[in-house]
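**Q** Got chain A; can you put chains B and C on it based on the hints?
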Amino acid sequence: MSVATSLFLAFFGIAAVWFGIVVFRTHSMVRSAIALLFSQTAIGAMFLVMQAEFLGVLQIMMMATEMSVMAIFMVMFMMDPGGMGKMDMTHQKRLSLWAAGIGLVAALAVIWGAGWQGPVPEVPGADEQARMLGRELLGRSMFIFESAALMILTAMIAATMVAIAPREEENP
Amino acid sequence: MIWLALTLLAPLGAALAVFGLRRAPGVIALAGAGLGLLGAFGLFARAAGGAEVTATLPFLPDLPILLVAGPLTATLALVVATVAAMVLLYATGYMAHDPEKLRFFGTMLMFVAAMELLVLSGDWITLLAAWELIGFASYLLIGFWYSREGVPGAAMRAFLYTRTADLGLYIAAFLLIGLAGTSEISATLATAGTPALIAGLLLLFAAMGKSAQVPMQDWLMRAMAGPTPVSALLHSATLVAAGAILLIRTAPMLPDGALLAVGLVGGVTAVVAGLMALAAGDLKRLLAASTASQYGLMLVALGAGAPVAALLHLIAHAAIKSALFLGAGVFQHDRDSTDLEALAGAGRARPGIFAGFALAALALAGLPPMAAFFSKDAILAAALDSPFAVWLLPLALLGSVLTGAYMARALRVLWTGAPGKAADPAPLMSAGMGVLVALAATLGFGFKPLEAMLSAHLPEPAWIIPAMGLAVGLAGLALGWVLAPARLLGPLLRPASEGFVIAGGMQALVARPALALAAACERFEQRLLAAVMAIGRINLSIGVGARRMDKDTIDAAIFGLVDRAIALGARARRLQSGFIHREMALTFAGIALVVGVLLVTPLYL
Amino acid sequence: MIPELVIALSIGAALFGVGLYGALSQTNLVMIIMGVELVLAAALVNMVAFWRYLHPDVTAAKMFVLIVMAVMAVEMAVGFGIAIARFRSRGSVEMEEARELKG
Numbered sequence: 001m002s003v004a005t006s007l008f009l010a011f012f013g014i015a016a017v018w019f020g021i022v023v024f025r026t027h028s029m030v031r032s033a034i035a036l037l038f039s040q041t042a043i044g045a046m047f048l049v050m051q052a053e054f055l056g057v058l059q060i061m062m063m064a065t066e067m068s069v070m071a072i073f074m075v076m077f078m079m080d081p082g083g084m085g086k087m088d089m090t091h092q093k094r095l096s097l098w099a100a101g102i103g104l105v106a107a108l109a110v111i112w113g114a115g116w117q118g119p120v121p122e123v124p125g126a127d128e129q130a131r132m133l134g135r136e137l138l139g140r141s142m143f144i145f146e147s148a149a150l151m152i153l154t155a156m157i158a159a160t161m162v163a164i165a166p167r168e169e170e171n172p
Numbered sequence: 001m002i003w004l005a006l007t008l009l010a011p012l013g014a015a016l017a018v019f020g021l022r023r024a025p026g027v028i029a030l031a032g033a034g035l036g037l038l039g040a041f042g043l044f045a046r047a048a049g050g051a052e053v054t055a056t057l058p059f060l061p062d063l064p065i066l067l068v069a070g071p072l073t074a075t076l077a078l079v080v081a082t083v084a085a086m087v088l089l090y091a092t093g094y095m096a097h098d099p100e101k102l103r104f105f106g107t108m109l110m111f112v113a114a115m116e117l118l119v120l121s122g123d124w125i126t127l128l129a130a131w132e133l134i135g136f137a138s139y140l141l142i143g144f145w146y147s148r149e150g151v152p153g154a155a156m157r158a159f160l161y162t163r164t165a166d167l168g169l170y171i172a173a174f175l176l177i178g179l180a181g182t183s184e185i186s187a188t189l190a191t192a193g194t195p196a197l198i199a200g201l202l203l204l205f206a207a208m209g210k211s212a213q214v215p216m217q218d219w220l221m222r223a224m225a226g227p228t229p230v231s232a233l234l235h236s237a238t239l240v241a242a243g244a245i246l247l248i249r250t251a252p253m254l255p256d257g258a259l260l261a262v263g264l265v266g267g268v269t270a271v272v273a274g275l276m277a278l279a280a281g282d283l284k285r286l287l288a289a290s291t292a293s294q295y296g297l298m299l300v301a302l303g304a305g306a307p308v309a310a311l312l313h314l315i316a317h318a319a320i321k322s323a324l325f326l327g328a329g330v331f332q333h334d335r336d337s338t339d340l341e342a343l344a345g346a347g348r349a350r351p352g353i354f355a356g357f358a359l360a361a362l363a364l365a366g367l368p369p370m371a372a373f374f375s376k377d378a379i380l381a382a383a384l385d386s387p388f389a390v391w392l393l394p395l396a397l398l399g400s401v402l403t404g405a406y407m408a409r410a411l412r413v414l415w416t417g418a419p420g421k422a423a424d425p426a427p428l429m430s431a432g433m434g435v436l437v438a439l440a441a442t443l444g445f446g447f448k449p450l451e452a453m454l455s456a457h458l459p460e461p462a463w464i465i466p467a468m469g470l471a472v473g474l475a476g477l478a479l480g481w482v483l484a485p486a487r488l489l490g491p492l493l494r495p496a497s498e499g500f501v502i503a504g505g506m507q508a509l510v511a512r513p514a515l516a517l518a519a520a521c522e523r524f525e526q527r528l529l530a531a532v533m534a535i536g537r538i539n540l541s542i543g544v545g546a547r548r549m550d551k552d553t554i555d556a557a558i559f560g561l562v563d564r565a566i567a568l569g570a571r572a573r574r575l576q577s578g579f580i581h582r583e584m585a586l587t588f589a590g591i592a593l594v595v596g597v598l599l600v601t602p603l604y605l
Numbered sequence: 001m002i003p004e005l006v007i008a009l010s011i012g013a014a015l016f017g018v019g020l021y022g023a024l025s026q027t028n029l030v031m032i033i034m035g036v037e038l039v040l041a042a043a044l045v046n047m048v049a050f051w052r053y054l055h056p057d058v059t060a061a062k063m064f065v066l067i068v069m070a071v072m073a074v075e076m077a078v079g080f081g082i083a084i085a086r087f088r089s090r091g092s093v094e095m096e097e098a099r100e101l102k103g
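Chains as they are written, first to last, in the numbering used here: chain A, 1 to 172; chain B, 1 to 605; chain C, 1 to 103.
Hints in this document: simulated from the structure, not taken from any laboratory. One thing to keep in mind: the hints can contain errors.
What the hints assert, rightly or not - EDC-like mimics (lysine to aspartate or glutamate), calculated; alpha carbons at most 16 Å apart, straight line:
no., chain 1, residue 1, chain 2, residue 2
1, A, LYS93, B, GLU583
2, B, LYS448, B, GLU460
3, B, LYS421, B, ASP336
4, A, LYS93, C, GLU96
5, C, LYS102, B, GLU583
What the hints assert, rightly or not - Listed next, with one range per pair, are the computed distances between beta-carbon atoms:
no., chain 1, residue 1, chain 2, residue 2, range
6, A, LEU138, B, VAL600, 50 to 56 Å
7, A, ILE152, C, GLU97, 28 to 34 Å
8, B, VAL597, A, PRO124, 35 to 41 Å
9, C, GLU97, A, PRO124, 50 to 56 Å
10, A, ARG167, B, VAL597, 48 to 54 Å
11, A, PRO119, C, GLU97, 51 to 57 Å
12, B, ALA565, A, GLY118, 54 to 60 Å
13, A, GLY118, C, GLY103, 22 to 28 Å
14, B, ALA592, A, ILE152, 28 to 34 Å
15, C, GLU96, B, LEU605, 41 to 47 Å
16, B, VAL597, A, VAL105, 14 to 20 Å
17, C, GLU97, A, GLY83, 31 to 37 Å
18, A, TRP18, B, LEU605, 14 to 20 Å
Stated by the list, open to error - Sample of chain A residues with no beta-carbon within 12 Å of chain C, all distances over it, derived:
no., residue
19, GLY82
20, ARG135
21, GLU169
Idealized CB from N, CA, C, for every residue including glycine.
So here's chain A without its partners, still in its complex pose (with noise of 0.2 Å):
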């Protein structure tokens, strides 16, 4: 059990990490966000792998729209969508590499070196799950539900204030 398991996280995992080196790799804009989503999706299933069910669904879900609403936005707002012009759009590549590569290192340090203890505990069932999952949200957590919401709504709000365009006055 924990050998598939294993094997199954591994592979989604180099999967999803894979993708998102595409990500930055490529000069296609649209290829990037089509590999975002790739690599999104293989965390998703990694979810599914662990036993979250619920959040594994979700993640795809969710994921597969924002993809997709940000290739519009990639296409509406790149100078060269199709990366046909093969500029190279960084800067400070080796401050960033550096960066990447410290923070890389010192958490695999810590995972390596903590001593993780076992035996892993059962799982309940995805109902099961679902159902304190539920009785969590709107119970326990029903405040940390409504200011949640309360922020999507005022992101939601600001977010469109910000996007419309300024009224030009008229000119009497």
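**A** Here is chains B and C on its own, set in the frame of chain A:
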């Protein structure tokens, strides 16, 4: 007590009144002198009655001011007051046309007050103070006509020479005070032995200066540059008497060695000054040299051990010499000069004055029955009886001969010659002189009672003494009348007329070194001033340097700090590039730092 | 030593690194947002892994995940709104040209 106050304060008050009111100086002076005379009479009367008036005034601790009016001091006070009154009476006429009358009378009155203080002082400190005051007054009065050529120098020289001699008095006084423990003069006279000898010699030194004895007779010659009343009062009867008065008062203390020195000095002076008088070309200088000579005779009497004889001669001489000077002043008014050549025949124009002058001159020569006859006899008798007779008697006799000689010479010059124009009557001058001439003639009869009052009887001299005295007096008169000084003196004429200058005289021995010392002190003081200024400048430069350092270092530090802070800010500004990617990179670095710190902290805390 | 946990966390670390690289090195705003998405996704992976292998009974962990997802969405929305505004005013969303906040 009141007599004491009158004697001292009347002249002083009159002096202040003259300087304060600035009007009628003659009247005020006469009033002051008259009141002082009254006071002196009162004191004399009290003393004659046997009482001794004393007064003590507080001064330094253990050194009060003592005033004593005993027989001796009251007599001297009376002498001073009388001569002062007569001379001031004379001066109202003499100085009638002088524009500086105020200063003259004020200073004269001040002198009279100081001289009375001197004779009445009972302790050394007062005596010293009065000594200095009369010296100062003498300086002011000799240099009275300071705008005339040679006068300021003469006053300065006189002051310098007498001041040098005053050192002796200072040292002697402090020696005596230190030994006796008190400053009272009568108490210190008990000193004996070597200190007494030393003190005696020092006092002799001071007396030599004040009384113009050899070798310090020169200053008296120079002092003749002052007005004639000054010469009459100061330089014949009172100031020069101070030296003799000092020795008379301390006579009980002087041991034999000091007495011998006193006698010798007096004798030599009597002869040398007499020669100078004979060779003098100026009437006042003749009289000045005569004064020195007569005081020499008084010192001979002291040296012979008879201070009373000296006192008697002092009193007689005071009246005689002041009368002679007053007469010379009248002749000076007539001929506007005191040169003997200019005065030839001046006596003929004023027979009255000349008669008085002649009477005084004969009195000085020692003719009976006038005062100096008795006193000179007393001196000769004392000289004969003294242990040092072999020295003193010849000198005294020679001095008497010379006295007659130069007085006769003066009379001859005044009489022989053209009388000149008719003289204006001078009532005040004549009155003043007349009283003194009368005193000169008649004082002799008061000597016996005086001796009784002083309880110091002189032994009756053997007949040889008056005979000797008369003989030498007449011989001197004859010689002086008949022979010219050049014939009399022969080879001594040149040195005599120059004042017997030896080794450059006082000029080289005293005046030049003193003035050179003063100049050296001035130069030293200039250098001190320069040094102080240099120190001041150093301090100033230190201050300036400190301020500059403050400006450079402190201000530089502060402003440097400011500049560096601004520079640091400018560099820090580069963080705010405005680029999002930079901001994000910094954010990541910051987060990494915080995480690192959070992870590390539990290990060390 | 729980192998699955270690694998999952390592994947998360790798995603974090890639996302950070992208966020710091891209000039376009949209690409930067994509990088940030990857970083947040890495955080999600970590959170789910910890829930699954260490505390499966704690439902609040899933709450956390939900909140982070909401934040991701919101951030994208607002970010794209800004991008539109920027595009309208400047004509491009290149961050190399955005120096207005330089101090």
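**Q** The structure should be examined with respect to each hint, and the outcome stated for every one.
**A** Hint-by-hint comparison with the structure:
no., hint, in the structure
1, LYS93(A) - GLU583(B), "15 Å, holds"
2, LYS448(B) - GLU460(B), "11 Å, holds"
3, LYS421(B) - ASP336(B), "13 Å, holds"
4, LYS93(A) - GLU96(C), "14 Å, holds"
5, LYS102(C) - GLU583(B), "11 Å, holds"
6, LEU138(A) - VAL600(B): 50 to 56 Å, "42 Å, violated"
7, ILE152(A) - GLU97(C): 28 to 34 Å, "31 Å, holds"
8, VAL597(B) - PRO124(A): 35 to 41 Å, "39 Å, holds"
9, GLU97(C) - PRO124(A): 50 to 56 Å, "53 Å, holds"
10, ARG167(A) - VAL597(B): 48 to 54 Å, "50 Å, holds"
11, PRO119(A) - GLU97(C): 51 to 57 Å, "56 Å, holds"
12, ALA565(B) - GLY118(A): 54 to 60 Å, "58 Å, holds"
13, GLY118(A) - GLY103(C): 22 to 28 Å, "53 Å, violated"
14, ALA592(B) - ILE152(A): 28 to 34 Å, "31 Å, holds"
15, GLU96(C) - LEU605(B): 41 to 47 Å, "44 Å, holds"
16, VAL597(B) - VAL105(A): 14 to 20 Å, "18 Å, holds"
17, GLU97(C) - GLY83(A): 31 to 37 Å, "21 Å, violated"
18, TRP18(A) - LEU605(B): 14 to 20 Å, "43 Å, violated"
19, GLY82, "14 Å, holds"
20, ARG135, "8 Å, violated"
21, GLU169, "17 Å, holds"
Consistency with the previously given hints fails for numbers 6, 13, 17, 18 and 20, ordered from lowest to highest.
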